[in-house]
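Protein chains: 2
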Amino acid sequence: MDKVDVVKRYLPAALPTPTASAEAFAPSNIALCKYWGKRDKALNLPINASLSVSLGELGTRTRLTPISAATDEISLNGKAVALSDDFAKKIVEFVDLFRGPGGARLKVDTHNSIPTAAGLASSASGFAALAKAVDQLYGFGFSPQLLSAFARMGSGSASRSIFEGFVEWQMGVREDGMDSHAVPLQQSWPGFRIGLLTLTEAIKPVGSRAGMQRTLETAHLYQSWPLQASADLEKLKQAIDQQNFEALGQTAEQNALSMHATMIASWPPLLYWQPESVATMQRIWELRQTGVPVYFTMDAGPNIKLLFESKNQPEIEATFPQVKVVSPFDGVS
Amino acid sequence: MDKVDVVKRYLPAALPTPTASAEAFAPSNIALCKYWGKRDKALNLPINASLSVSLGELGTRTRLTPISAATDEISLNGKAVALSDDFAKKIVEFVDLFRGPGGARLKVDTHNSIPTAAGLASSASGFAALAKAVDQLYGFGFSPQLLSAFARMGSGSASRSIFEGFVEWQMGVREDGMDSHAVPLQQSWPGFRIGLLTLTEAIKPVGSRAGMQRTLETAHLYQSWPLQASADLEKLKQAIDQQNFEALGQTAEQNALSMHATMIASWPPLLYWQPESVATMQRIWELRQTGVPVYFTMDAGPNIKLLFESKNQPEIEATFPQVKVVSPFDGVS
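These protein sequence lines map, in sequence, to chains A and B. Residue numbering for the first sequence is 1 to 333, as defined by the numbering used here. Residue numbering for the second sequence is 1 to 333, as defined by the numbering used here.
Here chain A stands alone, though its shape is the one from the complex (with noise of 0.2 Å):
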């Protein structure tokens, strides 16, 4: 099915002209179940559910502003950015969506508080505050789950980024993917903490988007990932309700590099890592060996997410002086 078509039903006869501006913030989102493959690419509907926690003030700000111009204005980070940009054009493509080819031009401002394409998902948290801006610019007033299936269409895992918290993004079943969007979970956890660990800034060789693909066309072994990813998404929910910190772990680790192991297993191999994630994978567990309860998960890319309780921060700074910490239930209703 084509987007144009599924958000038509959504939108009002007469699109109202904006006449102010409008801004949204949406955070960046670790999944402890990871998204790994498509069942739709053109609506990013996704062949398992996942299951993320939100970055808190880690994300993205979005500012849409009616201009009297030809083309929009898009800018990254304060700098402007070509059209020609892929970054620029599927801003162009999303925004097209609700106002059509022929609708006002915008300037997009878009700042990030996490560095793009290190490993962090800012499409995620990009897309999460498009989609919350675009519905505030034209006073739509859509649901947040209506929301997190617009977002969805710009990248996959944007979907979860509406929400803060531990969210949950259900896969669905029907065609026109309606029903495949986030809801939060209820449950919160004060103690719980994500360790940023930045290996390297450089840009990964091949995106998600392809790589997903190509894993799922040349990998054996990603038949049975979705059985993987559907029990552990059961185990992370039990283990979130029973505040289970190494039950939570022990399943996010193991999905992640679950998900790393259908990579390696494609032709030809992808393979994210780089020596300093194995050497900080052994550090990792060598840590735990000493009776530290800390795990990791990681993204398409070299970086690494260490997930502890606040108790054992001093341990894990001291192994790890560069982690940058992040308290996801801090200011979390």
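Simulated from the structure, these hints should not be mistaken for lab results. Check each hint, because a few of them may be wrong.
Identical copies look the same in the list; a pair holds intra-copy or inter-copy alike.
Unchecked claim - Below are the EDC-like pairs computed for lysine to aspartate or glutamate, each with C-alpha atoms no more than 20 Å apart in a straight line:
id: 1; residue 1: K235; residue 2: E217
id: 2; residue 1: K204; residue 2: E286
id: 3; residue 1: K311; residue 2: D330
id: 4; residue 1: K41; residue 2: E175
Based on the hints, put chain B in the right spot on chain A.
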């Protein structure tokens, strides 16, 4: 089924008393389609068929000498090994299958021309040489296929080290496993080269036996492994038949990485790679990008085995000065 009962059926009623000593050599082998997972732990019956290439003169030479003593005397590379050592225990257990626990004691001298436990399967050539030497010592006159089935009881991949060149280990279907033995492929490939890169000689933290078992029990992705292996086996046989080096290299590399992927997806994670393993893979992929057909395989350890043809040896040696090049078909009829 018990090994003792299976072997007994092939032994003469009265064991001949050995008078002279016996000596045999068996080559190490490197699997292009890996053996990973057992359907029967006692008999080392595999879940999938595998295919290897033997390493010519790199392997194990074993000499058996009857002695008048209360216990066997075991040595490895000229050094005495205590009978309480795992290495010695496995040898005695294997010899006992044929002479019975009460048979005459032996001096067992084992010489490996490859580094023990450095990622080259010394247990494969070891049990193959031992099976051949036992056959000679007692004058059984077992067929090579029977020797292969017996060697398999010592170490699964030893079944392949009975033969030279390309070797297939057929998985078999019988409960007693006697149809699970290797057969040599007829094809020779004089220009085929293997480049051994010893990145570390460290003993691996988890042996293959325990590693396989952990993968089988904890990795969801392992469910797809037999499918991968059987597809790869057919591709490899076709590539060997057509002397299609790129097809062989691609299949062997994907097979090895898929096996490692099942380990990585286990719990606790089984990562045999060191940072240097990843760095070496990256160098191989870069070299391949420049048009040199070089591929690799890896076993349950951090070291890497390059696969290439003799015409590309100069480029390989320029990139990897420390490589030890093996010509598997030199001197193989």
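Discussion item. Of the numbered hints stated earlier in the document, which are not met by this structure?
Written reply: none
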